[in-house]
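Chains as they are written, first to last, in the numbering used here: chain A, 1 to 504; chain B, 1 to 164.
A portion of the hints provided could be inaccurate.
[Claimed, not checked] Listed below are the simulated DSS-like cross-link pairs for lysine-lysine, each with C-alpha atoms no more than 25 Å apart in a straight line: (1) A:K353 x B:K130; (2) B:K51 x A:K454; (3) A:K200 x A:K125; (4) A:K165 x B:K105.
Note that these hints are calculated values from the structure, not bench results.
One letter stands for each residue in the lines below.
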Amino acid sequence: MFKKILIANRGEIAVRVIRACHEMGIAAVVVYSDVDRASLHVRKADEAYPIGPAAARESYLNISKILDVAKRSGAEAIHPGYGFLSENAKFAQACADAGIKFIGPTAAAMDAMGSKTRARQAMEKAGVPFVPGTSRGLEYEEAAQVAEKIGYPVMLKAAAGGGGKGMRLVHAGDQLKSALDAARSEAERSFGDREVYIEKAISNPRHIEMQVLADEHGNTVYLGERECSLQRRHQKVMEEAPSPIVDADMRRRMGEVAVRVAQAAKYTNAGTVEFLVDQQKNFYFLEMNTRLQVEHPVTELITGLDLVHLQIRIAAGEKLPFSQDDVRIRGHAIECRIYAEDPDNNYFPSPGKITLLLTPSGPGIRCDSGMYEGWTVPIDYDPLLAKLIGYGTDREQAIARLTRALNEYFVGGIKTNISLFRRILRDPEFQAARLDTGFLDRMLARTETKKDDKATADVAAVAAGVFTAMGAASTGSASTNAGASSADEEPSEWKNVSRREALH
Amino acid sequence: MLYDIIIDGKSFRLDLNHAEGKWSCRLNGEPLEIDPVLTRRDVLSLRIGDKAYEVKADHVAEQLHLWVGSVRFAVEVRDPRSLRSRSRAADDHGPRKITAAMPGKVVRVLVKEGDVVEAGGGIAVVEAMKMQNEIKSPKKGTVQKILVSDGQAVNAGDVMAIVE
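Chain A with its partners taken away, still in its complex shape (with noise of 0.2 Å):
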């Protein structure tokens, strides 16, 4: 096993990955850029190494300065976390050719899966189910013969692509060559590559994914679906496990569907197999992530197992410690993606300190966190400040108890979308797993009718008194977001009543 584990990641996932290193007695070495130098990854690594500028591509993306750190601390093995360098083939490539043990695929595994379109040819060799359309890039009038074909609306999709950067939707054919037009610059744009392929558009569906876990000794599992419909611009904000709408026998369909895919690429270590399913559920492959999810609690909930213990284990040498039968689903676990955004302004980014940070805690629940009380929220990254994640019997209860610990959450300075995932659980639609990708556009398309809070409004009243009787230490003076308060006008009246009370 290894001595000393370098992660090349920040915020919750660092976190995550050096508690995992702890648990089995490795030692954690965190590199951090020159905004994160009072973020939790590093307050809690054995080793912390500065590599730089805020900006993601001097820093966390720069590979030879990441290199640098493991050979420097004597790391014996890299682990990337998601995001970042997790699904870059060259990194795992320069790991492997500098002796440090990558902790995830190799990159020619990667290679395979990293472009779309170049996994559909590897899979469809497999038998595996895809959505009608073409597995490579094509000009306009390819595609007009294609779409015609197998029918509008079609969806055009970047072959590089991923968190819907480059896809268009497209209801008929005298919109297809401003959006393929679109959808390509926006492909080379984003990633450098303008390869854009087509597919039929499966309307409603929803995205379940399956999680798989292989060795280095050929062995190959997978440990159930994730339900991931509730989404927000292609971008995943709840997840659970399992699906309300997948059985075992097709579960095992499923499972069986992604570990064919992922002997395919001769995959090694954590990895998650896409599907989209229809309304008849069909399900179709959809691609490849070639890293742990930040939706991996879930499965470890639901499965008893610990995916960071075993990728760790699996880049060691060791064998799966268990086999396909040996996996058992029991429960319901939901995870809400807590984020630094507001929901008054169209969930756009909000960045600051943090002056108060009550933490839910209690039977069934998680909180994967890399936040605190009194930290700045850099601008510089993705606004994902922690995961809290619920378990119960079934999914009921696992609703229940995840409402009751987001009532328990409360993060003041900044603002989150903590209010969304309440107003998502009590909806009665989510409540009877009527879910696809387009549930949460329209929810929030519905205008909630505020119920009238008459006697909450009173005592919020009443506290406001409270606050102000008892002066400027009471609330917000450690606060730097806060402006010009009433509190800091007024002496310090809570100062004379606590003396005061202090002499009785």
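Mind docking chain B on chain A? Use the hints.
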């Protein structure tokens, strides 16, 4: 002590006194039995009668919010003694400051001084955390002053332009 308190736009008159460890309270003339304990900065455990509430104070970009449980209220406290009444009512006449809603970087200023903008017209594009957001004019008018330039960093609440 008398306070004028505005909760989500609605006015309350609160008469609150604290002496010898006891609070006395009248809300809009109604007497209330209250027992507040500050558990830590910004977190008040408040009993009104026998009902218990956890109230959190939250300051974001000069706006004070109070959360009662998980319900949020915008709060303004006016101490009638100070006579510092801040009439910030929606005023369509006179100059309006266009402020940054969040810290970030000005990607592009979309108007020049002297330009006429419609209500909802773009003033500047601000980027934070890889996302761009258009800052819009709340009213129709003439751009009187521009206080930022392309590439400049701004903090929440910074005045970016004035529309008259």
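For each hint, the structure was consulted:
no.	hint	verdict
1	A:K353 x B:K130	holds, 19 Å
2	B:K51 x A:K454	holds, 15 Å
3	A:K200 x A:K125	holds, 20 Å
4	A:K165 x B:K105	holds, 22 Å
The structure is consistent with each of the numbered hints, conforming to all of them.
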